[in-house]
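Colleague: Protein chains in written order, with the numbering used here: chain A, 1 to 465; chain B, 466 to 654.
Where hints are given, some of them may not hold.
[Stated by the list, open to error] Computed from the model, here is a short list of chain A residues facing chain B with C-beta under 7 Å:
id : residue
1  : 17
2  : 26
3  : 85
4  : 88
5  : 135
6  : 152
7  : 163
8  : 267
9  : 269
10 : 270
11 : 409
What the hints contain is simulated information worked out from the structure, not anything from laboratory work. Glycine included, every Cβ here is placed at the ideal spot set by N, Cα and C.
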Amino acid sequence: MPAQTMFEKIWRAHEVLPETVDTPAVVYVDLHLTHEVTSPQAFAQLAARGLKLRRPDRTLATLDHAVPTDSAQVFGGVPIRLESAAKQISELERNARLHGFELLGLRDARRGIVHVIGPELGLTQPGMTLVCGDSHTSTHGAFGALAFGIGTTEVAHVFATQCLLQRKPKTLAITVGGALQAGVGAKDLVLAIIGRIGVAGGARQAIEYRGEAIRALSMEERMTVCNMSIEAGARAGMIAPDEATFAYLRGRPRAPAGAGFEAAVERWRQVAGDAGASFDREVVMDATSIEPMISYGTNPGMVMPVGGAIPAGAAGDAQALRYMGLEPGQALLGRAVQVVFIGSCTNARLSDLRAAAGVFRGRQVARGLRALVVPGSQAVKAAAEAEGLDRVFLDAGAEWRESGCSMCVGINGDVAAPGEYVVSTSNRNFEGRQGRGVRTLLASPVTAAAAAVTGRVTDPRQFLG
Amino acid sequence: MEPVRLIRSRTMVLPEADIDTDQIFPARFLTTTEGGGFADMLFADWRFDADGKPRPSFALNRPEAAGCEVLVAGPNFGCGSSREHAPWALRDFGIRAVVSTSIADIFFSNALKNGLVPVRIEPESHAWLLANPGVEVEVDVAAGELRLPGGRAARFAIDPFARHCLLNGIDELGYLLSQRPAIEAWERR
Chain A
1 MPAQTMFEKI WRAHEVLPET VDTPAVVYVD LHLTHEVTSP QAFAQLAARG LKLRRPDRTL
61 ATLDHAVPTD SAQVFGGVPI RLESAAKQIS ELERNARLHG FELLGLRDAR RGIVHVIGPE
121 LGLTQPGMTL VCGDSHTSTH GAFGALAFGI GTTEVAHVFA TQCLLQRKPK TLAITVGGAL
181 QAGVGAKDLV LAIIGRIGVA GGARQAIEYR GEAIRALSME ERMTVCNMSI EAGARAGMIA
241 PDEATFAYLR GRPRAPAGAG FEAAVERWRQ VAGDAGASFD REVVMDATSI EPMISYGTNP
301 GMVMPVGGAI PAGAAGDAQA LRYMGLEPGQ ALLGRAVQVV FIGSCTNARL SDLRAAAGVF
361 RGRQVARGLR ALVVPGSQAV KAAAEAEGLD RVFLDAGAEW RESGCSMCVG INGDVAAPGE
421 YVVSTSNRNF EGRQGRGVRT LLASPVTAAA AAVTGRVTDP RQFLG
Chain B
466 MEPVRLIRSR TMVLPEADID TDQIFPARFL TTTEGGGFAD MLFADWRFDA DGKPRPSFAL
526 NRPEAAGCEV LVAGPNFGCG SSREHAPWAL RDFGIRAVVS TSIADIFFSN ALKNGLVPVR
586 IEPESHAWLL ANPGVEVEVD VAAGELRLPG GRAARFAIDP FARHCLLNGI DELGYLLSQR
646 PAIEAWERR
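Throw the hints in and build the complete structure from the sequences for me.
Modeller: As structure tokens, then:
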């Protein structure tokens with residue numbers, strides 16, 4: 001057999017039926033994660049056909065997109081303010097009872113953003129196929145899993161058959177050599193990658209990130225990189241499992257235990273691509289020259305070093321810059337910002353919060369600025385509180401909230417006001433993404449924290465050490 | 466699902482590149498459990514000002530947009546969020562085909578599930594369509610051909626399975642359910 005990429009190995013291992021000229025492949029799904037916003041219509045499709053959920057044991061639900069993040073609505077007995085969100089929550093609760101799958105409910109200590117809890121529980125494992133009705137499902141590829149987002153009709157397909165009809169994507173290797181400099185993190189790396197290949201640069205391809213700069217990343221950093229694969233238009237993003245992957249999974253509640261774990265590691269060692277396997281396309285980058293990055297436009301490909309000047313871009317950028325209230329040639333450094341959001345499936349894990357806290361510690365949020373810190377899960381929240389990070393944020397004057405997607409998607413009431421600039425650790429700077437007329441500047445947790453304490457776009461390296 | 470064979474319509478043009486699904490269907494409408502009735506939410510923030518008044522210059526608000534079933538858009542249409550509400554809203558508004566040089570993967574797949582034909586054509590014909598809004602075109606699903614005025618035509622690739630489903634009004638779930646023996650065998654292996 002010719003040398004295979006990791007993608008090809010996982011794909012082949014899950015082909016119930018291979019694709020033909022006339023029919024797509026039937027691909028088996030090992031784990032289906034679901035949430036309150038993209039599932040109700042899928043359950044309605046099942047009901048309309050009198051179908052049952054085929055594999056409740058391969059289905060896990062959580063509440064993240066529409067849930068409020070203020071403690072009073074989550075725990076304090078105050079009703080959820082947004083009636084439509086409350087209805088989505090009760091629908092998922094009803095469907096969980098009806099179909100017998102596990103739901104990590106509103107007050108469950110294991111609840112959180114779907115792409116944070118899968119890895120955290122040890123459910124996301126090398127070699128598996130994993131889908132969710134959410135485009136950031138690519139996050140789970142950090143473990144050497146084939147993970148991708150699907151629409152609601154496909155959610156119904158997986159509910160009914162545990163399978164999907166898929167055409168095989170092409171493969172793209174992104175090889176990153178060198179080492180990231182101090183003050184430059186995984187978020188900066190992935191923003192630089194998207195800036196390089198463009199927001200459609202990964203279309204119809206599954207990306208494998210590799211090279212020494214990728215190997216050097218922690219699992220949480222790898223998740224940040226894979227998370228934003230969709231922002232380059234890619235079908236999936238993945239990183240071969242290694243000792244860091246196995247060490248992360250050891251002892252997780254849903255990972256194999258005891259002798260089963262050692263056996264699993266032996267299997268997981270086979271997941272990486274064969275030496276000499278060829279990709280349809282390869283991009284080579286050097287991490288050493290990457291600086292802290294920030295977005296200036298209305299898609300995640302419109303990025304530059306935080307100290308840079310807005311390029312005189314393509315004609316299509318004019319509308320984006322008009323929306324942003326910016327002009328070509330301008331610097332962002334020193335520009336006043338009104339809101340800082342630290343959260344989302346991209347950057348709300350414990351290491352992200354630690355990095356942000358390092359900047360907040362002993363400092364105050366700038367006068368008049370609103371800073372929200374929203375942990376990625378209730379477990380991240382508890383872990384952060386156990387080491388006192390909540391005090392660091394609260395003492396600095398930031399808000400410390402319950403977990404959820406919050407101001408990344410802005411459907412639970414967490415939005416900014418029209419015209420405001422938000423430095424955000426989330427993944428999308430689309431028009432209106434954080435509220436109508438709101439201007440999003442995507443950046444890393446330390447860059448966001450630096451903006452919070454200065455009130456301006458700031459190079460985080462001035463807070464190093 | 467209704468069969469989709471031939472769509473004959475004037476075009477409506479949104480020339481912007483990288484139109485994401487947050488523009489097509491703003492996130493604040495996502496807290497719904499309904500599967501339709503989304504026509505008024507389509508491009509809501511481009512179509513209506515903050516007071517809810519239509520912006521007369523926006524393509525969907527112009528009188529000639531009435532009855533248009535073919536949307537011609539800039540490259541990388543439908544990027545971003547996987548929300549199927551985007552094709553649902555286009556469908557509810559009356560759009561039956563989206564034409565571009567490139568269409569984002571998840572949107573492309575979601576569109577097909579709803580009988581909305583994603584038509585990917587070469588840049589030359591696309592540029593002509595952007596420059597000539599409102600022309601009468603024909604989307605011929607069986608032939609994989611987009612016919613323009615004056616006898617011009619652009620080919621578009623359509624997966625044979627997707628074409629079969631569109632032409633016969635078959636939904637994919639029925640096909641997947643028919644593969645149950647293979648799925649059971651795979652699970653037992």
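Colleague: State for each hint whether it applies.
Modeller: Okay, the hints, checked on the actual structure:
no. : hint : in the structure
1   : 17   : holds, 6 Å
2   : 26   : holds, 5 Å
3   : 85   : holds, 5 Å
4   : 88   : holds, 6 Å
5   : 135  : holds, 4 Å
6   : 152  : holds, 4 Å
7   : 163  : holds, 6 Å
8   : 267  : violated, 16 Å
9   : 269  : violated, 22 Å
10  : 270  : violated, 17 Å
11  : 409  : holds, 5 Å
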